[in-house]
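Chemist: Full structure from sequences and hints, please.
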Amino acid sequence: GSSIAHDVSLSLVMPLQISNFTINPPAGWTEDASSEIFMTGSLAPGSSGTFTISATVDVNFVGAMKLSAAISSIDPEVVSANNNVALYIGATPPPDLNITLSSPTANPFEPGHSFELRIDYTNTGTGEAEYVSLSLPIPAALTNLTVILPEGWQVVGDTPYTFTTASLAPGASGTIVLTAEPDPQFSGEFVLAAEVSNSNPDPDLTNNSASLTREILQPAELSLKYEPMTPGEIYLGAPFHIQINYENTGH
Numbered sequence: 001g002s003s004i005a006h007d008v009s010l011s012l013v014m015p016l017q018i019s020n021f022t023i024n025p026p027a028g029w030t031e032d033a034s035s036e037i038f039m040t041g042s043l044a045p046g047s048s049g050t051f052t053i054s055a056t057v058d059v060n061f062v063g064a065m066k067l068s069a070a071i072s073s074i075d076p077e078v079v080s081a082n083n084n085v086a087l088y089i090g091a092t093p094p095p096d097l098n099i100t101l102s103s104p105t106a107n108p109f110e111p112g113h114s115f116e117l118r119i120d121y122t123n124t125g126t127g128e129a130e131y132v133s134l135s136l137p138i139p140a141a142l143t144n145l146t147v148i149l150p151e152g153w154q155v156v157g158d159t160p161y162t163f164t165t166a167s168l169a170p171g172a173s174g175t176i177v178l179t180a181e182p183d184p185q186f187s188g189e190f191v192l193a194a195e196v197s198n199s200n201p202d203p204d205l206t207n208n209s210a211s212l213t214r215e216i217l218q219p220a221e222l223s224l225k226y227e228p229m230t231p232g233e234i235y236l237g238a239p240f241h242i243q244i245n246y247e248n249t250g251h
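Per this note's numbering, the sequence shown starts with residue 1, numbered consecutively.
Read the hints as simulated data drawn from the structure, not as lab findings.
Possibly wrong hints are sitting among the right ones.
Unchecked claim - The following label-pair restraints were derived from C-beta to C-beta distances:
hint : residue 1 : residue 2 : range
1    : Ala70     : Ser173    : 28 to 36 angstroms
2    : Ala27     : Gln154    : 50 to 58 angstroms
3    : Gly112    : Pro170    : 39 to 47 angstroms
4    : Asn107    : Leu87     : 55 to 63 angstroms
5    : Asn24     : Asp158    : 42 to 50 angstroms
6    : Thr179    : Glu233    : 54 to 62 angstroms
Cβ atoms here follow ideal geometry from the backbone N, Cα and C, with glycine treated the same way.
Modeler: See below:
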């Protein structure tokens, strides 16, 4: 319009399905402490501004929600039909990815024998997980690694191993199976850790990673040898001495 609007107020009606929301008004606006009503003294002809709203949708909500706003002043208006606006927001249900690591092979692992490692994954959420990526750094303790992937998965890197799939529907699950051998020079514990992610928001990240600690036990290699300590020939009735040396050459 061509006139100043006095005592302007803007009211917002927030959906019940959102929480943790913040409303950032332009400079010169103040908020009523008891409601989402904002006020400013006047708006000159041609003036404009923007309210910014940030919020979180309830993780159990599925469907559409309505956000409405209205603006008014104490001055009469010729056209008031554009003083109200409503926005319908569709809430997409989120995925919830989780993984576990296990091994059916008895611990500790023995050199020269292959063993199996399993990564079980599940989407326990109500929404689809998209562009899923599972990362698995391979410890130096493992060699001769082979991987069996479920249908739809592929390997896109091996340092660390990265497995991807286009999507996982709600309730989808599967197992990635790895077979490996202990490094013949390694002895002791090693940790295998995996992490899964996707392009959609995941409300619970505590179950997106898992680790498994196992031990490689190298066998003992005992040996004996003897050395005579008495030089020359051994005579009847004379004492003699022999040195027996032992050693464990295992790792």
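Chemist: For every hint, state whether the structure bears it out.
Modeler: Now the hints, each set against the structure:
no. : hint                                : result
1   : Ala70 x Ser173: 28 to 36 angstroms  : violated, 48 angstroms
2   : Ala27 x Gln154: 50 to 58 angstroms  : holds, 52 angstroms
3   : Gly112 x Pro170: 39 to 47 angstroms : holds, 44 angstroms
4   : Asn107 x Leu87: 55 to 63 angstroms  : holds, 57 angstroms
5   : Asn24 x Asp158: 42 to 50 angstroms  : holds, 46 angstroms
6   : Thr179 x Glu233: 54 to 62 angstroms : holds, 60 angstroms
Checked against the numbered hints listed earlier, the structure breaks hint 1 alone; every other hint is satisfied.
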